[in-house]
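Protein sequences appear in the order of chains A and B. Using numbering that gives the first Met the number 0, the letters of the first sequence correspond one by one to residues 0 to 301. Using numbering that gives the first Met the number 0, the letters of the second sequence correspond one by one to residues 0 to 301.
Each hint should be verified, as a subset may be incorrect.
Because identical chains cannot be distinguished in the list, a pair is counted as satisfied if it fits within a single copy or across any two copies.
With a straight-line Cα cutoff of 27 Å, these simulated DSS-like cross-link-like pairs (lysine-lysine) come out [as the list claims (entries may be wrong)]: (1) Lys-61 x Lys-213; (2) Lys-1 x Lys-216; (3) Lys-183 x Lys-1; (4) Lys-1 x Lys-153; (5) Lys-31 x Lys-178; (6) Lys-253 x Lys-221; (7) Lys-178 x Lys-153; (8) Lys-91 x Lys-67; (9) Lys-253 x Lys-140; (10) Lys-112 x Lys-100; (11) Lys-257 x Lys-178; (12) Lys-1 x Lys-67.
Read the hints as simulated data drawn from the structure, not as lab findings.
2 protein chains.
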Amino acid sequence: MKDLIIIGAGPAGFTAAIYSLRAQLDVLMLEKTGPGGQIALSDVIENYPGYSEISGVELMQKFEEQAKKFGLVMESAEVTAVEDHGEKKIVKTTSGDHECKAVIICSGAKPRKLGVPGEQEFTGRGVSYCATCDAFFFKGKDVASVGGGDTAVKESLFLSKMVNRVEVVHRRDALRAEKIIQEKAFASPAINFNWDSVVTSINGENSVESVTLKNVKDDSEKELPVQGVFVFVGILPNTDFINIVEKDEGGFIKANDKMETSVPGLFVAGDARVTPLRQVATAVGDAAIAATSAEAYIESLE
Amino acid sequence: MKDLIIIGAGPAGFTAAIYSLRAQLDVLMLEKTGPGGQIALSDVIENYPGYSEISGVELMQKFEEQAKKFGLVMESAEVTAVEDHGEKKIVKTTSGDHECKAVIICSGAKPRKLGVPGEQEFTGRGVSYCATCDAFFFKGKDVASVGGGDTAVKESLFLSKMVNRVEVVHRRDALRAEKIIQEKAFASPAINFNWDSVVTSINGENSVESVTLKNVKDDSEKELPVQGVFVFVGILPNTDFINIVEKDEGGFIKANDKMETSVPGLFVAGDARVTPLRQVATAVGDAAIAATSAEAYIESLE
Numbered sequence: 000m001k002d003l004i005i006i007g008a009g010p011a012g013f014t015a016a017i018y019s020l021r022a023q024l025d026v027l028m029l030e031k032t033g034p035g036g037q038i039a040l041s042d043v044i045e046n047y048p049g050y051s052e053i054s055g056v057e058l059m060q061k062f063e064e065q066a067k068k069f070g071l072v073m074e075s076a077e078v079t080a081v082e083d084h085g086e087k088k089i090v091k092t093t094s095g096d097h098e099c100k101a102v103i104i105c106s107g108a109k110p111r112k113l114g115v116p117g118e119q120e121f122t123g124r125g126v127s128y129c130a131t132c133d134a135f136f137f138k139g140k141d142v143a144s145v146g147g148g149d150t151a152v153k154e155s156l157f158l159s160k161m162v163n164r165v166e167v168v169h170r171r172d173a174l175r176a177e178k179i180i181q182e183k184a185f186a187s188p189a190i191n192f193n194w195d196s197v198v199t200s201i202n203g204e205n206s207v208e209s210v211t212l213k214n215v216k217d218d219s220e221k222e223l224p225v226q227g228v229f230v231f232v233g234i235l236p237n238t239d240f241i242n243i244v245e246k247d248e249g250g251f252i253k254a255n256d257k258m259e260t261s262v263p264g265l266f267v268a269g270d271a272r273v274t275p276l277r278q279v280a281t282a283v284g285d286a287a288i289a290a291t292s293a294e295a296y297i298e299s300l301e
Numbered sequence: 000m001k002d003l004i005i006i007g008a009g010p011a012g013f014t015a016a017i018y019s020l021r022a023q024l025d026v027l028m029l030e031k032t033g034p035g036g037q038i039a040l041s042d043v044i045e046n047y048p049g050y051s052e053i054s055g056v057e058l059m060q061k062f063e064e065q066a067k068k069f070g071l072v073m074e075s076a077e078v079t080a081v082e083d084h085g086e087k088k089i090v091k092t093t094s095g096d097h098e099c100k101a102v103i104i105c106s107g108a109k110p111r112k113l114g115v116p117g118e119q120e121f122t123g124r125g126v127s128y129c130a131t132c133d134a135f136f137f138k139g140k141d142v143a144s145v146g147g148g149d150t151a152v153k154e155s156l157f158l159s160k161m162v163n164r165v166e167v168v169h170r171r172d173a174l175r176a177e178k179i180i181q182e183k184a185f186a187s188p189a190i191n192f193n194w195d196s197v198v199t200s201i202n203g204e205n206s207v208e209s210v211t212l213k214n215v216k217d218d219s220e221k222e223l224p225v226q227g228v229f230v231f232v233g234i235l236p237n238t239d240f241i242n243i244v245e246k247d248e249g250g251f252i253k254a255n256d257k258m259e260t261s262v263p264g265l266f267v268a269g270d271a272r273v274t275p276l277r278q279v280a281t282a283v284g285d286a287a288i289a290a291t292s293a294e295a296y297i298e299s300l301e
């Protein structure tokens, strides 16, 4: 029986590993698709303190090496369920079951994609899902901002202070955001609204040059010249495999400030949890706490 | 009038600066004693994700350079008070007053010192105030652990799994920790108790070799050979200058998960706040959130 199983090999997972291994716990990390998580898709990160400029892949390699220095054991497996048997937890995977005393869920989240040509190719270099992360790279440029919800409009406002022009693209003819936020967006001279519209493709040679919009009412098309596309149509947590902890309506796992979930011995860190911000910096903070809490929990069992 | 004033130039302060400057806020950082904060006293840090081994000074230089890349303006000044005038805050300092819309308090905390010869000299290389940070460096060695409170005993238990022997030094003849924690400590063969004792000096040539203990009842002295000293006699937040926000009984500032204090427009991040863990990793997570919340707050004013 392991002390601790960490589910997911992104920023939160590796940080949880560094902390728990340095606390002398017997740890196993399970990862489905390969190390790095969502952040590995970022070409340039400027806001992880300590690195002025680094790629997501490179940063995650550093995290991984550091965890391995303390003896991290990783296994490639997809977790299908976590069972709570009091002092024993069973983590079920596609390649067998593992028993442990505690689990830290670091399975992350992914942005909902548009699913249009060009999106995948330009992700991390023209297509972004996070204004806090990437707005700064588009200073003085024109960008499309897709979505009409609360987050989308807030992020568009954030963008509007930095870029030359924000072209909001929304499939309906009204926003779903809070009234006060809507009014600010309507008042901004840097924001233009493209109603009843969806993006059908993201175009360009080496970088994003335009998006093609389709009007959903009359099926007309137009091309909008932009150098960037921000997509704000939702975030999906990777938490389907676990149904024994409390989640919010979006599927994010609830935790207190010790990163304890509703089930004793199950902890969560990073993008998979209910949190006001999803960044490498916050994942790292969460995970240090989760590992410390897990260590204290395991200590309390003995 | 500035958008934002950041008080303190440690891990939290620099991270708040990176995030708020990238969000195009007009920011001023105030620092009393020079950049770096408590962490600058650490010779080797192994648990900040991204750096397998780095000194505190070097890591803080990297944070500072990164913030300066985005245009950080720093001023050397001691904050004496923060006044809340609704949409305007006044930060009073020894070298004049500053007006701003929002404040992030990143003033940190410091461990209570023993105040004995050898303590200062060996801080960061033999004398530590944090088992989570430094226990790993003392694998297989003998260490003294000073204090009898809840934290002290928990930290001693944590240490006992890694080091050869923990010599607990406590000025009274009983622990003040929770009963269950006490029982575990008494049951551990790796923990020895030195009752009614205080450390009067920490001795060694280039590294810690022993501590001198004095028995407070009979004034007798003895020398205890150890290679490290962990001091757990309290943490003091640097929050005396602000008395308009809610604090706990220890003087730490209370905040919600958005790092909002009890006063709108005043935020807190890092060691100065009520938090289960005080690490560079957690300061960084807090500060990213605080800066994002401050940006949203300032946006809401306009």
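Numbers of unmet hints, in rising order | 1, 2, 5, 6, 9 and 10
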